[in-house]
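J.: Given the coordinates of chain A, assemble chain B with the ligands onto it according to the supplied hints.
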Amino acid sequence: MSDTLVEIKNLAKSYTRGDQDVPVLRDITLNIDRGDFISLMGPSGSGKSTLLNLIAGIDKPTGGMLRIDGEDISKLSEGELADWRASNIGFIFQFYNLMPVLTAYENVELPLLLTNLSRSERRERIEMTLNMVGLSDRMNHYPNELSGGQQQRVAIARAIVTDPTILVCDEPTGDLDKQSASDVLNMLKELNNTLGKTIIMVTHDAHAAEAAKRIVHLEKGELLDEGM
Amino acid sequence: MYYLKLIFKNVFRAKLRTALTVTGLVVAIVAFGLLQTVVDAWFAGANSASSARLVTRNAISLVFSMPTYYRERMRSIDGVKTVSYSQWFGGIYKEPSNFFPQFAVDHNNYFDLYPEFLIKPDELLAFKRDRQGAIVGRKLADQFGWKVGDVIPIRGTIFSGNWQFTIRAIFDGRDETTLTRQFFMHWDYINESVKKRFPRRGDQIGVFNILINDPSRAADISKAIDAEFRNSLAETLTETEKAFQLGFVAQSEAIVVAIRVVSFVVIFIIMAVVANTMAMTARERIAEYATLKVLGFSPGYVAALIFGEAMVLAFFGAGIGILLTFPMASGFANSPAGAAFASFAVSASTVWLQVACAVAVGVIAALVPGWRSARVKIVDGLRHVG
Ligand SMILES: Nc1ncnc2c1ncn2[C@@H]1O[C@H](COP(=O)(O)OP(=O)(O)OP(=O)(O)O)[C@@H](O)[C@H]1O
Ligand SMILES: [Mg+2]
Numbered sequence: 617m618s619d620t621l622v623e624i625k626n627l628a629k630s631y632t633r634g635d636q637d638v639p640v641l642r643d644i645t646l647n648i649d650r651g652d653f654i655s656l657m658g659p660s661g662s663g664k665s666t667l668l669n670l671i672a673g674i675d676k677p678t679g680g681m682l683r684i685d686g687e688d689i690s691k692l693s694e695g696e697l698a699d700w701r702a703s704n705i706g707f708i709f710q711f712y713n714l715m716p717v718l719t720a721y722e723n724v725e726l727p728l729l730l731t732n733l734s735r736s737e738r739r740e741r742i743e744m745t746l747n748m749v750g751l752s753d754r755m756n757h758y759p760n761e762l763s764g765g766q767q768q769r770v771a772i773a774r775a776i777v778t779d780p781t782i783l784v785c786d787e788p789t790g791d792l793d794k795q796s797a798s799d800v801l802n803m804l805k806e807l808n809n810t811l812g813k814t815i816i817m818v819t820h821d822a823h824a825a826e827a828a829k830r831i832v833h834l835e836k837g838e839l840l841d842e843g844m
Numbered sequence: 054m055y056y057l058k059l060i061f062k063n064v065f066r067a068k069l070r071t072a073l074t075v076t077g078l079v080v081a082i083v084a085f086g087l088l089q090t091v092v093d094a095w096f097a098g099a100n101s102a103s104s105a106r107l108v109t110r111n112a113i114s115l116v117f118s119m120p121t122y123y124r125e126r127m128r129s130i131d132g133v134k135t136v137s138y139s140q141w142f143g144g145i146y147k148e149p150s151n152f153f154p155q156f157a158v159d160h161n162n163y164f165d166l167y168p169e170f171l172i173k174p175d176e177l178l179a180f181k182r183d184r185q186g187a188i189v190g191r192k193l194a195d196q197f198g199w200k201v202g203d204v205i206p207i208r209g210t211i212f213s214g215n216w217q218f219t220i221r222a223i224f225d226g227r228d229e230t231t232l233t234r235q236f237f238m239h240w241d242y243i244n245e246s247v248k249k250r251f252p253r254r255g256d257q258i259g260v261f262n263i264l265i266n267d268p269s270r271a272a273d274i275s276k277a278i279d280a281e282f283r284n285s286l287a288e289t290l291t292e293t294e295k296a297f298q299l300g301f302v303a304q305s306e307a308i309v310v311a312i313r314v315v316s317f318v319v320i321f322i323i324m325a326v327v328a329n330t331m332a333m334t335a336r337e338r339i340a341e342y343a344t345l346k347v348l349g350f351s352p353g354y355v356a357a358l359i360f361g362e363a364m365v366l367a368f369f370g371a372g373i374g375i376l377l378t379f380p381m382a383s384g385f386a387n388s389p390a391g392a393a394f395a396s397f398a399v400s401a402s403t404v405w406l407q408v409a410c411a412v413a414v415g416v417i418a419a420l421v422p423g424w425r426s427a428r429v430k431i432v433d434g435l436r437h438v439g
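Top to bottom, those sequences are chains A and B.
Everything in the first sequence is counted per this note's numbering, starting at 617 for the first residue and increasing by one.
Everything in the second sequence is counted per this note's numbering, starting at 54 for the first residue and increasing by one.
If you are wondering where the hints come from, they were derived from the structure by calculation, not from laboratory data.
Among these hints, one or two may not hold up.
[Stated by the list, open to error] Computed cross-link-like contacts, DSS-like style, restricted to lysine-lysine with a CA-CA straight-line distance of at most 30 Å:
| id | chain 1 | residue 1 | chain 2 | residue 2 |
| --- | --- | --- | --- | --- |
| 1 | A | Lys625 | A | Lys794 |
| 2 | A | Lys625 | A | Lys676 |
| 3 | B | Lys430 | A | Lys625 |
| 4 | A | Lys676 | B | Lys430 |
| 5 | B | Lys200 | B | Lys181 |
| 6 | A | Lys625 | A | Lys829 |
| 7 | B | Lys430 | A | Lys836 |
| 8 | A | Lys691 | A | Lys794 |
| 9 | A | Lys794 | A | Lys829 |
| 10 | B | Lys200 | A | Lys691 |
| 11 | B | Lys249 | B | Lys181 |
| 12 | B | Lys430 | B | Lys62 |
[Claimed, not checked] The following residues of chain B were derived to be distant from chain A, with all beta-carbon distances above 10 Å:
| id | residue |
| --- | --- |
| 13 | Asn111 |
| 14 | Ser118 |
| 15 | Trp199 |
| 16 | Arg270 |
| 17 | Ile312 |
| 18 | Glu341 |
| 19 | Thr344 |
| 20 | Phe350 |
| 21 | Val432 |
Where is the CB? At the ideal position from N, CA and C, for every residue including glycine.
Next up, chain A with everything else stripped away, as it sits in the complex (with noise of 0.2 Å):
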């Protein structure tokens, strides 16, 4: 019983620089279902996080269709994108983009305060949160006193603490060591496992995208067959 929770018909995107016209991806069709785990391959500059980004709705597509769960985000306003954001997609980062200036702990709230819970409610949240990702007992640290690994885990962790729908991971263990990246793959398998999580992974690595249930190989922006 498949649930088709991301569509894609012919999704085009090219950037424009001075007056010509770039074309970054070509006629791309693709459909992810509901609690899949999907991996994105491909040579650099392929286009993989171009895509990624459109459906995460930070970048907007130049043509084609871009359905998520229902919903025609491409005709979203900036503002309301930002809010289908904040409640549908968790972001993780290859140099997991955490302030520096703020704890793990107040790293993971960043995204609750944009929700009207009250504060003991996101501390409950965070604290079950970080719990999940192994970091309980750092929660009050900051970001240059943690591991690459761990500063991913609070990444992790910032993520989900939303409860999204969908999440999007660009080369997470890309800045990784073998043994934090196999733990990182363990998360998000985890994730996708026990709490359905959709995931759509972006990776240079063979081996990490093994981690996934599917994958898809892009080449010079357009989708190649796939392979399983």
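T.: Showing chain B with the ligands alone in chain A's frame:
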């Protein structure tokens, strides 16, 4: 709440940069405050001048004098209560840099016109009795450590020769706007000596100081006095003491304007410095701001973070600067240079101007970086990472 926490944490992130920026702001706010106070002090003399007093001078210019016998004719004019006179002496005490105003006055009634000079009756009497006596203001006496009885040598410039005066009285000001840095001597004593040497220069006076019955009639009485001497050898120009002082100030208006301009230039410069700090800060944090936007924070929130940070800088700079302005001003007031001013006090309006400048600095410094950071597209912002 959280917003403030984030702002404060960000402010103290680059401690050295923040310290330097705040220091610059403090210096600018203090400099601005002191320069404004100089301008205030400049006008203070005129503001404290009594409108019940008129000053009559030669219509051509202050450097020309009038015959002393004019006094009798002035006395007969309706509304005139007392007529006295004074003459700029312009001597040098030891060094030209020791400058202070010296006036040769009619010892009999000059001080009747100036109740704001508080003189002990017995000292005033002693002054009147000693042809070589002098009355000096408290600030001046303190500056040179003079006491009653001291003999002060003064080298004449307008009235050549080496003169000696004995201090018979030291007067205090009624309030802090009263100038107490003058030196008064007997005009009679000077005049006699002048007459002996240059008979034609005798019995000539620089200005008449006139006390009138009714300040509201100052304009009419001034006209009547000038009419009395129309077509005389020395025509007169009479105005209120305040107008006379302001005329003096007006002569130095270019300087006052320059001081004003400089004080605002200082603010303008610090505005550029703070704007630069904010621009640098915002540029370094492009990726962080983009991340906030990814999480769903609005561009306005990002702009508000930058704006708030600039305001915190401005707040600290202004706060410390205003607090420092007071001791600095009183330090200057007690220095020889500051002694030239009757009062050198930081006014409430100066403090408000300092606050206004700080707010303007904060707002304007945040304008461009705030606007730019709010507008940066998320994907472009994120590309700044690593
Ligand atoms: N804002 C932009 N303006 C112009 N060109 C852009 C912009 N963003 C991306 N591109 C171009 O689009 C193409 C795809 O970029 P993208 O970042 O999606 O690649 P990627 O597959 O994620 O590569 P990498 O593996 O190196 O991260 C590149 O050629 C890039 O130069
Ligand atoms: Mg990429």
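J.: To test your reading of the hints: which numbers does this structure violate?
T.: Hints 1, 8, 10, 18, 19, 20, 21 contradicted; others consistent.
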